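Make the full structure from the sequences, and use the hints.
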Amino acid sequence: MDLRDYIIRRLLLLIPVLFGITLLIFAVLMLFSPSQRAAVYATSPKALKNIDVIIQKYGLNEPIYVQYFTWLKQVLSGNLGFSQIASRPVLEAILDKLPATFELALFSAPLILIPGFYLGTVAATHKDKLVDQFSRVLAIVGWSLPTFWLGLILLMFFSGILPTGRLSNQAVLLKQSEAFTVYTGMNTVDALLNGKFWMFFDAVQHLILPAVTLAVVSMAALMRIMRSSMLEELRAKYVTTARAKGLKEETVINKHARRNALISPVTTATWMVALLFNGVAVVEIIFNYKGIGWLFIRSAQQLDIATVLGFSLFNGLIIMLFNLLADILYAYLDPRINY
Amino acid sequence: MKNRIKEFKKRMAPRIEELQFTIDKIKQSPLTLVALFIILFFVFIAIFAPYLAPPKGSDPYMMPNYGYSATPSPPSEEAVFGTTQQQYDLYYGCIWGARTAFKLATPVLGLVFLIGTGLGLISGYYGGIIDEIIMRSVDTVFAFPYIILAVTLVIALGQGLSSMIIALTVAYWPFYARVMRGEVLKQKEKDYVKAAESLGASDARIMIKHIVPNSIYPVLILASLDFGAIVIAGATLSFFGIGFPIGYSSWGQLASFARDWVSLNYWWATVIPGLFISIFVLGWNLLGDSIRDVMDPTIRRE
Amino acid sequence: MSVNAPNDNVLELKGLKVRFDTYEGLVKALEGVNFNIKSKETFGIVGETGCGKSVTAKSIMRLISSPGKITDGEILFKRENNGVIDILELSDKEVREIRGDEISMIFQEPGEALNPVYTTGYQLKEAILSHQSNEFLKEIKNEIEREIEEEDSYIKKKLLNTQIKLIKRNIKKEDSRLTKYLSKIPLINGYKDKLSEKAKEKAINLLEDVELSEPEEIYKNYPHELSGGQKQRVIIAMALSSEPTLLTADEPTSSLDVSIQSKILSLLDELKEEHNLSILYITHNLGVVAQICDRVGVMYSGRIVEIANVNDIFENPLHPYTISLIEAIPSSEKEELNPIGGVVPNLVNPPSGCRFHPRCPRANERCKKKRPSLKELEKDHWVECYHSGDKDGELN
Chain A
1 MDLRDYIIRR
11 LLLLIPVLFG
21 ITLLIFAVLM
31 LFSPSQRAAV
41 YATSPKALKN
51 IDVIIQKYGL
61 NEPIYVQYFT
71 WLKQVLSGNL
81 GFSQIASRPV
91 LEAILDKLPA
101 TFELALFSAP
111 LILIPGFYLG
121 TVAATHKDKL
131 VDQFSRVLAI
141 VGWSLPTFWL
151 GLILLMFFSG
161 ILPTGRLSNQ
171 AVLLKQSEAF
181 TVYTGMNTVD
191 ALLNGKFWMF
201 FDAVQHLILP
211 AVTLAVVSMA
221 ALMRIMRSSM
231 LEELRAKYVT
241 TARAKGLKEE
251 TVINKHARRN
261 ALISPVTTAT
271 WMVALLFNGV
281 AVVEIIFNYK
291 GIGWLFIRSA
301 QQLDIATVLG
311 FSLFNGLIIM
321 LFNLLADILY
331 AYLDPRINY
Chain B
1 MKNRIKEFKK
11 RMAPRIEELQ
21 FTIDKIKQSP
31 LTLVALFIIL
41 FFVFIAIFAP
51 YLAPPKGSDP
61 YMMPNYGYSA
71 TPSPPSEEAV
81 FGTTQQQYDL
91 YYGCIWGART
101 AFKLATPVLG
111 LVFLIGTGLG
121 LISGYYGGII
131 DEIIMRSVDT
141 VFAFPYIILA
151 VTLVIALGQG
161 LSSMIIALTV
171 AYWPFYARVM
181 RGEVLKQKEK
191 DYVKAAESLG
201 ASDARIMIKH
211 IVPNSIYPVL
221 ILASLDFGAI
231 VIAGATLSFF
241 GIGFPIGYSS
251 WGQLASFARD
261 WVSLNYWWAT
271 VIPGLFISIF
281 VLGWNLLGDS
291 IRDVMDPTIR
301 RE
Chain C
1 MSVNAPNDNV
11 LELKGLKVRF
21 DTYEGLVKAL
31 EGVNFNIKSK
41 ETFGIVGETG
51 CGKSVTAKSI
61 MRLISSPGKI
71 TDGEILFKRE
81 NNGVIDILEL
91 SDKEVREIRG
101 DEISMIFQEP
111 GEALNPVYTT
121 GYQLKEAILS
131 HQSNEFLKEI
141 KNEIEREIEE
151 EDSYIKKKLL
161 NTQIKLIKRN
171 IKKEDSRLTK
181 YLSKIPLING
191 YKDKLSEKAK
201 EKAINLLEDV
211 ELSEPEEIYK
221 NYPHELSGGQ
231 KQRVIIAMAL
241 SSEPTLLTAD
251 EPTSSLDVSI
261 QSKILSLLDE
271 LKEEHNLSIL
281 YITHNLGVVA
291 QICDRVGVMY
301 SGRIVEIANV
311 NDIFENPLHP
321 YTISLIEAIP
331 SSEKEELNPI
341 GGVVPNLVNP
351 PSGCRFHPRC
361 PRANERCKKK
371 RPSLKELEKD
381 HWVECYHSGD
391 KDGELN
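Chains as they are written, first to last, in UniProt numbering: chain A, 1 to 339; chain B, 1 to 302; chain C, 1 to 396.
Rather than coming from a laboratory, the hints here were simulated on the basis of the structure. Watch out, some of these pointers could steer you wrong.
Straight-line Cα separation of at most 27 Å, BS3-like style, residue types lysine-lysine; simulated pairs [unchecked claim]:
no. : chain 1 : residue 1 : chain 2 : residue 2
1   : C       : K200      : A       : K255
2   : C       : K14       : C       : K38
3   : A       : K248      : C       : K157
4   : C       : K198      : B       : K25
5   : A       : K248      : C       : K168
6   : A       : K248      : C       : K192
7   : C       : K220      : A       : K248
8   : A       : K290      : C       : K38
9   : C       : K69       : A       : K127
10  : A       : K255      : C       : K198
11  : C       : K192      : C       : K157
Since this is a predicted model, take the numbers as computed values, not measurements.
This is the structure:
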């Protein structure tokens, strides 16, 4: 079988999980009263004024399984309800804020991946040496600091030096002006595409604190996973074979052991992405960075259940997508896998 | 009688030797002692909270506040750690916050451990459709970042300790189920289990007597590493103002009160509650890390 | 001990000691191992699990890893240029030059000895290029020089000249970053394809040498796509890639089916003749010893206790341990088996004196106190026992 069949099989395996995700969200939805639930079906603020009409129209007093299918039909047609926080439909609100979060993750990724993989490898090859002890302490401390507190502390020291939010007022004005074309919704990319370098730097400045804060926990986790995976590979017999061939230790480690050691972090990729989303919610609130995490927490605080549930559903789907990507990467890294 | 004692000693000798090895290993690592010290310190605070910070109102978990001025005031005789926004007493909140942390994380970890290992055991042992249903549920929950899931559940269940316990339990059990199932699958193939099966031992007996004792260690390691993570998750919920009602002693909430006063001029409001969480969690993580080093059979002997 | 035949030895171990520093204490894995391997012979080391056979094999290539350490002794090796060196005195870099080039090794578990994420071809090529890239590079240099003469285009000439410069740098083993980065630039690293092509050609030849059918297919396969026997053949091919003088085989057949086992053994025998190899063959299986070895050393608890020609070992064993080993072989003539009594000794606190004395039927007070030394009792038959020579144990 080839890769295409493998991907199709993986997609088929996702179906029960997708079903599970909708069931879980629907179960949470049913904890609310019909009048609270109405917001999930509304498409405009006007509709929200006539809750009884919605309850009637969508049969919110019908038996549960009937309601499940009504709700599912709504969801599949792209209606996640009306967000009171954003004063627009939930899906629109999420898609509007998505590029900001994507941009944040994009800037955080190198801060997670490079030191994570590098320090993890170095710690394993220098087991029990100073570097290993140092990286261990770094990992445990990094893993012990609540993201929100780390964010607050950084904010305390860098307030006045590094700004919060996404852009300075000046840049916001430029972004809203007619001369500026929004291509991707990611400020850094759009600024470059419009040739406005000062705006690019402005956006990067706003990204530094959130990206660093976001990276710490995931970096610590990746470092430890990489270390233990690398240690395991270094004990493998093929490493002795490689040494017996007369290869340089550098080649033995970088070509042979590390290539195998990479497989294990990939199998935890879904978990790492979930970890990142937890951080996103915290970081965006602290730095007032208006992405989807910010939207979610704000709506949770205001009990805007349509947005909360809509976002959860959306998030579940995104993680499934990453799951699929991780499976493909895994197949690429490990030739032993059965397509 | 003497013979019996001798026999018993002989039978137990390998176990005692292993225990000795474990204790030696722990002694070798000074960090473990630091960890134990930190944890005992917080246990002490939690137990003696009523004496360290005598309650002033009817509900001891509600923090007293001295006036209604929004600006935090610096440490003084009345409030040794200073006060935070709305003049809530930081010292009082931090002391009783230790109790809150234990009251939240202990039941969550206990429930998660029971539910997770139980379902993992059943799933791995029986396989088939039961396994399929349990593992797909695990995958489903895994599709949600635990903070997102917990926030959503608390919104639905309403504020308070019990909602948070339920929410975090729902978010965390799949880790345990998955690890336990993997271990059970490994043990199930071993000859001693096959032998017990061929002797006609009941399923329950095989599971409890043979499989559980041999597959529980990785789950225990996971649990020892998770206490801190659960405390942080709980604190994060209350930082968002979602977990506990306003004024309830909780480190996360105290940190959220500092949200509008993040500045070196009001350092105490940000730094102190964060230090309490971080040191507490650090203690658990150090302990978890050395427990893993000591108990994980793959690295134990290195 | 002093071994005769001064210049015929490919390898000679003198008083080799290896220690493992563990929690349980200092494991005295090798306690003064002495033996020699003559040119073009197959020398077997036979013994129970845990007696130190594998450690001995690994020590020869200095592949003992932490917490193990070679603490004493000499490993004298005759190089291809006839100079004799002590492997323990070499720098890490010098050892690497010998590993896989003049001494190579094949392993017990072929399934785990190959890297699962690379094709067999890649791993073979890597072995070939780690020692023979210079020869190939020189050939390529000559080819390119010829090309230049025939080339008219100025630019192409320039390009080929740059390639030659780069090849020269590589031949000189200039491990500078510059060489490394330059070698990654397309066009001027054109010679690399040629290098890879040559290595592939050689690899296919090697696969044919080890009697693998469809070598082209196997070259492209990943290890998990091969059978145990095929994997072991690939590993043998890898070990032979740079015409070593000594091949160390650490129980290479014990994890294979019996039928495949004997095929691999006869293959090794053939290859030995073809390539003028000396072989150190490590096993716990006396049957294998009888089939493949010329001389045998019997190992017990970190010591070689008897060395003799293979026939002498079976027909005239002198050490009590060897005698009991041979008696323990099941055969159709015997009515019952005679397993060796007692247990393998603890290596942290080994028995005093002769390490075999607690299990030895002939042991007396002297054996407990002082270890006997290896003596040549009959011609080319060395034994480490006070009582050997008087088989009934009457003399003390």
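Comparing the hints with the structure gives:
no.	hint	verdict
1	C/K200 with A/K255	holds (19 Å)
2	C/K14 with C/K38	holds (15 Å)
3	A/K248 with C/K157	violated (34 Å)
4	C/K198 with B/K25	violated (54 Å)
5	A/K248 with C/K168	holds (21 Å)
6	A/K248 with C/K192	holds (19 Å)
7	C/K220 with A/K248	holds (25 Å)
8	A/K290 with C/K38	violated (78 Å)
9	C/K69 with A/K127	holds (17 Å)
10	A/K255 with C/K198	holds (21 Å)
11	C/K192 with C/K157	holds (17 Å)
Of the hints listed earlier, those the structure fails to meet are numbers 3, 4, 8, in rising order.
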